[in-house]
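Protein chains in written order, with our numbering: chain A, 1 to 488; chain B, 1 to 260.
These aren't lab readings, by the way, just hints derived from the structure by calculation. On a predicted model such as this, the values are computed, not experimentally measured, just so you know. We treat Cβ as the ideally placed atom computed from N, Cα and C, and that holds for glycine. Please note that a few of the clues may not be correct.
[What the hints assert, rightly or not] Some chain A residues near chain B, calculated using beta-carbon distances under 8 Å:
(1) 32
(2) 34
(3) 50
(4) 60
(5) 188
(6) 229
(7) 246
(8) 248
(9) 252
(10) 281
(11) 284
[Claimed, not checked] Pairwise CB distance ranges, derived in the manner of DEER restraints:
(12) B:63 / A:43: 29 to 35 Å
(13) B:26 / A:405: 29 to 35 Å
(14) A:179 / B:41: 37 to 43 Å
(15) A:27 / B:147: 52 to 58 Å
(16) A:163 / B:63: 46 to 52 Å
(17) B:24 / A:20: 49 to 55 Å
[Stated by the list, open to error] With the C-beta cut set under 8 Å, the calculated list includes, among others, these residues of chain A facing chain B:
(18) 138
(19) 184
(20) 245
(21) 268
(22) 269
(23) 301
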Amino acid sequence: VSRAPHCTFDRVVGETVDDEDLQRWLSNYQVVAKEWHDAALAELGDVEAWRDAVAAVRRHTVAHLDRYLTQFADNVEANGGHVFFAATAEEARDHVAGIARRKGVRHIVKAKSMVTSEIGLNPALEALGAEVTETDLGEFIVQLSGEAPYHIIGPALHKRLPQIREILSEAGGVELPEDAEALAAYARAALREKFLNADMGISGVNLGVASTGTIVLVTNEGNGRMSTTLPRTHVAVMGMERLVPDWRSLDPVLTMLTRAGTGERMTTYVSAITGPKRMGDADGPEELHVVIVDNGRSRILGTKYEPVLSCIRCGCCADFCPVYRTMGGYAYESVYTGPIGAVLAPLLDGLEGREHLPFASTLCGACQAECPAGVPLADLLLELRADVTQRPTSSAAWRLGFKGFAAASKHRRLWDYALRFAGPLSPLVVRRGRLPVEPPILRAWTDSRDLPSPAPRSFRRLWARQARAAAPAPSDPTTPPGSDEREG
Amino acid sequence: MDRDLFLERVGASLRRAAEARPPKPSPSAVPVLPVPEDREGMVQLFADRLHELQGVAIRVPSREAALADIAALLQDPDGLSRHSDGPPCHCAASPRHPHDPPSHADGPPRHSDDPPRDSDGPPRHSDDSPRHRDTRIACPPSLVWPAIEERWTADPREADFGLSEAEWGIAASATVVLRHRGEYGRAFSLVPPAVGFLLPVSRLMPRLTPVVAAVHDDADAPPACITFVSGASHSSDIAGISCFGVHGPADVRVWLIEDE
Chain A
1 VSRAPHCTFD RVVGETVDDE DLQRWLSNYQ VVAKEWHDAA LAELGDVEAW
51 RDAVAAVRRH TVAHLDRYLT QFADNVEANG GHVFFAATAE EARDHVAGIA
101 RRKGVRHIVK AKSMVTSEIG LNPALEALGA EVTETDLGEF IVQLSGEAPY
151 HIIGPALHKR LPQIREILSE AGGVELPEDA EALAAYARAA LREKFLNADM
201 GISGVNLGVA STGTIVLVTN EGNGRMSTTL PRTHVAVMGM ERLVPDWRSL
251 DPVLTMLTRA GTGERMTTYV SAITGPKRMG DADGPEELHV VIVDNGRSRI
301 LGTKYEPVLS CIRCGCCADF CPVYRTMGGY AYESVYTGPI GAVLAPLLDG
351 LEGREHLPFA STLCGACQAE CPAGVPLADL LLELRADVTQ RPTSSAAWRL
401 GFKGFAAASK HRRLWDYALR FAGPLSPLVV RRGRLPVEPP ILRAWTDSRD
451 LPSPAPRSFR RLWARQARAA APAPSDPTTP PGSDEREG
Chain B
1 MDRDLFLERV GASLRRAAEA RPPKPSPSAV PVLPVPEDRE GMVQLFADRL
51 HELQGVAIRV PSREAALADI AALLQDPDGL SRHSDGPPCH CAASPRHPHD
101 PPSHADGPPR HSDDPPRDSD GPPRHSDDSP RHRDTRIACP PSLVWPAIEE
151 RWTADPREAD FGLSEAEWGI AASATVVLRH RGEYGRAFSL VPPAVGFLLP
201 VSRLMPRLTP VVAAVHDDAD APPACITFVS GASHSSDIAG ISCFGVHGPA
251 DVRVWLIEDE
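So that you can see chain A by itself, here it is in the shape it has in the complex (with noise of 0.2 Å):
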């Protein structure tokens, strides 16, 4: 794998674990919202089940997103949506700031959505001279200090009281004092004022029932339902595959997502949209226009990799997962971050530059373990590493060692030969855990762990003397198939 692209990872990562109470702070969170998710798992019963259920669920709708996306398109329009179909991140980006230029629309409030900041939306409607504003709180202070989502369900969670403070009060003008009362109240009258005006409300789609046309959008602080009840306009964004069947498919995936998300019961607001408000009702969008967004979607489906469609966008994945722990969101350089980050970014977007990212996990499985759709991601993990070095572009060296690896590791006695002289000779070369002369794939490692030696003498060869001191017999059952007294 070439080093270069890796440096802004090396970078951020370096960072991050060098800030120790942001790796406390990090530790804490997993800590509690583990606590969080299994309290509320526990209550289900059979966790398994529901995650089978899930799962099921999930992996019937991608197999027929062709048969469920045209029957979710002709409900919208049916119930006097409108439906655009964007084949690309620039065509959904295009499309919304040809809604907003067509109505004159100058302020824009936004619920919290991956899908828009995947294709970039904000940019492009900035540049049409619309303000721009992100509702949601997490969003609302990472726009302020102008970074990026840190968690797929908690953006500034990586942000202190001390740093929330001093973010908003810069927004604000005025000297905010340290206390999360204060800060809340600060950003509710600030952004009560912006739904009060704005022309145009954005949302994604946490999930699109087919049957109904239905947007259903799951939200704990009411500013989805504010951003898709006071503005005239509701465009909703959302990824192709987001899709159930019908309502009752949202029994299951509805019921997880919440519990292993935030580890509630169910989120304080579930809002599930029909189409624009209706002739008589009293509130309600005028026009509600829907963009289904394709931007590399339909490259995973009916590969190896189709199963990371089945995601619900939970976050839990990175909640488990003890290189995210320690790494931080930012080193994914990609709005997906944890491991479904690690599994999306690069299949999104491409390998070229990306091809790190199925490295930054010790596969450990914890994420898979716990995805309440039944993502295989370490599965996946391992497929895009396989793809990584099967590459043209990567290193010779990393090819030629992998290669030699799987030489040796499928002939036995080379295998066995290889250990018996690494043994006794390991001490003459490696000194203070380092080589005299080591390749920079190598070094990237033993820059901060020391190379193992292996053992003087092998597990294997140990065992067959121990076996063969305790049984004299000629032939001992317990000696393990295909040990001989030759290996090393």
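Dock chain B against the given chain A, drawing on the hints supplied.
What follows is chain B alone, placed relative to chain A:
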């Protein structure tokens, strides 16, 4: 992109799959959430779990009793969080786990003639009780009754309290389900700093399953918006500290009406 082209591209990608497409799972494959299903058990569960979410359940013998309770609340200057007289949000001093069992103080759902408990509703601020202005209520016009006529406004932005009628309740998550159509607007349950819901006990369901099944089985299209509300608006985005009333209301009350 042209819709047909887009869908054709999706279809072509799916046809690359080596494995057979999985069939639609049966609804019976969804596990059953283990919660009480008897009337008393559901009421108790709803009240306990709403309390955990900073809300209050008030059990009343009739709809008239609920309306009388609300009218009395509007006349109590200290009774409600007000929208222009102090911070409408509050934060937990120390985080309480949302699934901690209710404390002894939580007890059963309040009855309308019980004295208020310390745990009822969000904490009041000393400057939170205006005595210089009438408390206003916003609700659909057909809900207005004589006792509140002078305090009623159609505009939720002017109101201190918003009232809505719930279509269903879900005991497992202390949720009220609102079907917004016609005069039953969305903002009544969102914009005022304090909101209330009328929920007949006969409409209380044990879990989400029968509610989504009812929408699923409805021959008519759903209304433009169905909202599920579970407790007070909240966020932990400020350094992980639970803050209530961030955008929506911090003060949430549900009148459970004994209608059978």
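### Message
For each hint given before, does the structure comply? Return the numbers of the non-compliant ones in rising order.
### Response
Hints 2 and 13 contradicted; others consistent.
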